[in-house]
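Given these sequences and hints, build the entire structure.
Number of protein chains: 2
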Amino acid sequence: MTPEAGVSSRRERKKEATHARIVDAATELFRRQGYQATSIENITDAADVAPRTFYAYFDAKVDVAMVQLEYWVGELETALHARPASETPDQMYAAALADLGSRGFVTGQRLRDESGQSFPPMGVGLLLAETEPEVAGRIYQILVRLQASMTSLFRQRLDLPPGSIEPHVVAGAITASWFVAVHGFTEMAASHDDPPSTDELGIRSFALYASGLDKLWTGATTPAGPGHGPDASGHASLEGGEEVR
Amino acid sequence: MTPEAGVSSRRERKKEATHARIVDAATELFRRQGYQATSIENITDAADVAPRTFYAYFDAKVDVAMVQLEYWVGELETALHARPASETPDQMYAAALADLGSRGFVTGQRLRDESGQSFPPMGVGLLLAETEPEVAGRIYQILVRLQASMTSLFRQRLDLPPGSIEPHVVAGAITASWFVAVHGFTEMAASHDDPPSTDELGIRSFALYASGLDKLWTGATTPAGPGHGPDASGHASLEGGEEVR
Numbered sequence: 008m009t010p011e012a013g014v015s016s017r018r019e020r021k022k023e024a025t026h027a028r029i030v031d032a033a034t035e036l037f038r039r040q041g042y043q044a045t046s047i048e049n050i051t052d053a054a055d056v057a058p059r060t061f062y063a064y065f066d067a068k069v070d071v072a073m074v075q076l077e078y079w080v081g082e083l084e085t086a087l088h089a090r091p092a093s094e095t096p097d098q099m100y101a102a103a104l105a106d107l108g109s110r111g112f113v114t115g116q117r118l119r120d121e122s123g124q125s126f127p128p129m130g131v132g133l134l135l136a137e138t139e140p141e142v143a144g145r146i147y148q149i150l151v152r153l154q155a156s157m158t159s160l161f162r163q164r165l166d167l168p169p170g171s172i173e174p175h176v177v178a179g180a181i182t183a184s185w186f187v188a189v190h191g192f193t194e195m196a197a198s199h200d201d202p203p204s205t206d207e208l209g210i211r212s213f214a215l216y217a218s219g220l221d222k223l224w225t226g227a228t229t230p231a232g233p234g235h236g237p238d239a240s241g242h243a244s245l246e247g248g249e250e251v252r
Numbered sequence: 008m009t010p011e012a013g014v015s016s017r018r019e020r021k022k023e024a025t026h027a028r029i030v031d032a033a034t035e036l037f038r039r040q041g042y043q044a045t046s047i048e049n050i051t052d053a054a055d056v057a058p059r060t061f062y063a064y065f066d067a068k069v070d071v072a073m074v075q076l077e078y079w080v081g082e083l084e085t086a087l088h089a090r091p092a093s094e095t096p097d098q099m100y101a102a103a104l105a106d107l108g109s110r111g112f113v114t115g116q117r118l119r120d121e122s123g124q125s126f127p128p129m130g131v132g133l134l135l136a137e138t139e140p141e142v143a144g145r146i147y148q149i150l151v152r153l154q155a156s157m158t159s160l161f162r163q164r165l166d167l168p169p170g171s172i173e174p175h176v177v178a179g180a181i182t183a184s185w186f187v188a189v190h191g192f193t194e195m196a197a198s199h200d201d202p203p204s205t206d207e208l209g210i211r212s213f214a215l216y217a218s219g220l221d222k223l224w225t226g227a228t229t230p231a232g233p234g235h236g237p238d239a240s241g242h243a244s245l246e247g248g249e250e251v252r
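Note that the protein sequences, when read in sequence, are chains A and B.
Take any residue in the first sequence, note its place counting from 1, add 7, and you have its number in my numbering.
Take any residue in the second sequence, note its place counting from 1, add 7, and you have its number in my numbering.
What the hints contain is simulated information worked out from the structure, not anything from laboratory work.
Cβ atoms here follow ideal geometry from the backbone N, Cα and C, with glycine treated the same way.
Honestly, I wouldn't trust all of these hints.
[To be verified] Ranges of calculated distance between the beta carbons of each label pair, as one might list FRET restraints:
(1) B:Glu-94 / A:Asp-52: 52 to 60 Å
(2) B:Gln-43 / A:Asp-52: 24 to 32 Å
(3) A:Asp-221 / B:Asp-52: 48 to 56 Å
(4) B:Ala-197 / A:Asp-70: 26 to 34 Å
(5) A:Pro-168 / B:Pro-91: 35 to 43 Å
[Said to hold, decoys possible] A short, non-exhaustive set of chain A residues, derived as facing chain B with CB atoms under 8 Å:
(6) Ala-92
(7) Thr-95
(8) Glu-173
(9) Thr-182
(10) Ser-184
(11) Ala-196
(12) Ala-197
(13) His-199
(14) Trp-224
(15) Gly-226
[Unchecked claim] Sample of chain A residues lacking proximity to chain B, with all beta carbon distances greater than 12 Å (derived):
(16) Ser-15
(17) Lys-21
(18) Ala-24
(19) Asp-31
(20) Leu-36
(21) Glu-84
(22) Asp-97
(23) Ala-105
(24) Asp-106
(25) Ala-183
(26) Phe-192
So, in structure tokens, the structure goes:
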């Protein structure tokens, strides 16, 4: 390693540490005193950095709240694009989530970066969306961008003509699976001691879109009830027990 | 009709007319000069009402921008809840959209109220979401509420146990179909002289989730190409021609 590379690497590490300190301080303040009541000055005080340092990393408060979701969505897109052309969309989605998981993105719990350092829970940012229009707006814009990028990817992978609706529909299954994972998880986490992870909920959701929802109303399902395991219908009742891990 | 009912009905009509005047004026200003540049004073001036009249109808500027989407989503929810218990979710969704259509909700074109009076295009509000976080935030919150309400409805209709993921997934197909309709329509409207309506895109999208996306990658599809019509795969290429009306 050249001395210059050593300096650059030290600088890089210092930058990452400052970034993480700002995000951690902001998340803790959002959680404790709310988003509106937290000023950028509060954040820089708590992170022990100068106010102008904040603006070297972020444009606005909402960027700190959304940093984890934006990072996760960006990594998901990269992982999906990196899947081999031989895989089908359901395989791509499951493999991309598994790839992120193996790199420490433990959704439904905490998100960790490559060095194992934990980010604050994505849930803090998502919960803020319930009351903060600015945060909700950023989530919507992230989803619209994800939907557009996935539409291009699936149009190319499935070799569908421009102007066809199918790539939008396949991309929509990812958007919907995200919705199901996040909002289904929120509901389940409130009533179950050990809810399935958001990744698991997302994969089950996409699998149902892939295999067809109509099995849920054509009578092809095994009747739901305690103790019944996973079946060909893709039924994933939390009451079932063994399939929730 | 009693004299009191006559007065009340005249008042009601006057209120509706004032409401419509504010919405029309605001939409025209948003379209012409942008959302940020339009103040509530600009809107009340253009609608020829007193500023305090604005606040009798709306809490904030974003409420005017979103009035049409909120109204449409509310009517969609009502129409879905009103469908008979014998219908399956795909039938409920198609019938609810048809019901709204028969009452003058012509999506992809203009929205009309029961008396045939046109609302400003929903598209103006949706386009604002691209740049206005406040508007995007409201859309996200509308979608989250729709998703929760549809989850309850489908849990009950499909007789699924609390804590099961399936009702979330079926509700997610409506959320995703909305995304496909709106964003697919935007893309298609830019490149096609006569794009399918958003209703039609939504119904096709939901039908694909119902019958299963996997037919798009298991080779069960008729190869896409000019001139081929609708087929058992639900393939809805705009290049196909005859199925786009």
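Hints and how they fare:
no.: 1; hint: B:Glu-94 / A:Asp-52: 52 to 60 Å; verdict: 58 Å, holds
no.: 2; hint: B:Gln-43 / A:Asp-52: 24 to 32 Å; verdict: 31 Å, holds
no.: 3; hint: A:Asp-221 / B:Asp-52: 48 to 56 Å; verdict: 53 Å, holds
no.: 4; hint: B:Ala-197 / A:Asp-70: 26 to 34 Å; verdict: 30 Å, holds
no.: 5; hint: A:Pro-168 / B:Pro-91: 35 to 43 Å; verdict: 38 Å, holds
no.: 6; hint: Ala-92; verdict: 12 Å, violated
no.: 7; hint: Thr-95; verdict: 4 Å, holds
no.: 8; hint: Glu-173; verdict: 6 Å, holds
no.: 9; hint: Thr-182; verdict: 6 Å, holds
no.: 10; hint: Ser-184; verdict: 7 Å, holds
no.: 11; hint: Ala-196; verdict: 11 Å, violated
no.: 12; hint: Ala-197; verdict: 10 Å, violated
no.: 13; hint: His-199; verdict: 7 Å, holds
no.: 14; hint: Trp-224; verdict: 4 Å, holds
no.: 15; hint: Gly-226; verdict: 11 Å, violated
no.: 16; hint: Ser-15; verdict: 35 Å, holds
no.: 17; hint: Lys-21; verdict: 31 Å, holds
no.: 18; hint: Ala-24; verdict: 29 Å, holds
no.: 19; hint: Asp-31; verdict: 24 Å, holds
no.: 20; hint: Leu-36; verdict: 20 Å, holds
no.: 21; hint: Glu-84; verdict: 16 Å, holds
no.: 22; hint: Asp-97; verdict: 7 Å, violated
no.: 23; hint: Ala-105; verdict: 19 Å, holds
no.: 24; hint: Asp-106; verdict: 20 Å, holds
no.: 25; hint: Ala-183; verdict: 3 Å, violated
no.: 26; hint: Phe-192; verdict: 10 Å, violated
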